[in-house]
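Peer 1: Following the numbering used here, the numbering of the sequence shown begins with 1 at its first residue and continues without gaps.
Please keep in mind that the hints were generated in silico from the structure rather than gathered at the bench.
In silico BS3-like pairs for lysine-lysine, Cα to Cα no more than 25 Å straight-line: (1) LYS47 <-> LYS59; (2) LYS59 <-> LYS42; (3) LYS37 <-> LYS47; (4) LYS37 <-> LYS59.
DEER-style ranges, computed between Cβ atoms: (5) LYS42 <-> GLY170: 53 to 59 Å; (6) HIS11 <-> VAL175: 46 to 52 Å; (7) ILE157 <-> ALA101: 28 to 34 Å; (8) ALA97 <-> ARG70: 19 to 25 Å; (9) ASN123 <-> ARG43: 34 to 40 Å; (10) TYR15 <-> ASN45: 16 to 22 Å.
Beta carbons are placed, not taken as given, at the ideal position from N, Cα and C, and that holds for glycine.
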Amino acid sequence: MDGLQRCFVLHRRPYSESSLILDVFSEEYGRVTLLSKGARSKRSNLKGALQPFTPLLLKWSGNGSMKTLRQAEAISLGLPLTGVNLYSAMYVNELIARVLASEIPFPELFHDYLQALTELAHNTNPEPALRRFELALLSAMGYGVDFLHCAGTGEPIDPTMTYRYREQKGFIASVRRDNLTF
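Using the sequences plus the hints, can you model the full thing?
Peer 2: So this is what it looks like as structure tokens:
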């Protein structure tokens with residue numbers, strides 16, 4: 001790996017007496033697992049920096065599924081998340097940690113993640129930020145939903161018609177109006 005990478009910590013857990021295992025989301029490498037030796041020791045200058053929702057510049061090395069953290073610096077203070085917005089940001093981290101495979105780059109999704117965290121830090125209603133991120137995640141994984149065109153004809157959605165959603169296809173015009181159409 002060359003140079004410092006923009007990252008966020010998704011999860012961190014203790015390892016041995018003074019180390020941490022970090023699950024991070026990197027702009028250029030995607031989700032990466034790192035071992036941060038000595039990060040929990042009393043003399044460590046990394047102790048406060050390796051927290052979720054803090055923008056970081058990280059450098060690591062190694063082969064295999066777990067890399068060794070070599071250098072870390074906080075770009076700025078952690079984002080001011082509290083209450084339901086903090087839980088919402090934790091939900092976003094959980095989505096990334098559980099859905100994305102390791103070491104597959106998702107640079108566009110990284111920017112969507114940063115945008116979601118910024119919106120959560122500055123808005124009182126978390127729902128719009130969460131829905132935008134969820135749709136971006138689905139799209140990045142190849143499961144994006146086209147809300148603008150009919151899957152059957154390719155024509156733009158007509159607001160005067162009713163549509164039904166078909167799995168693996170999209171929105172299809174429906175002649176029947178029931179609880180499955182809108």
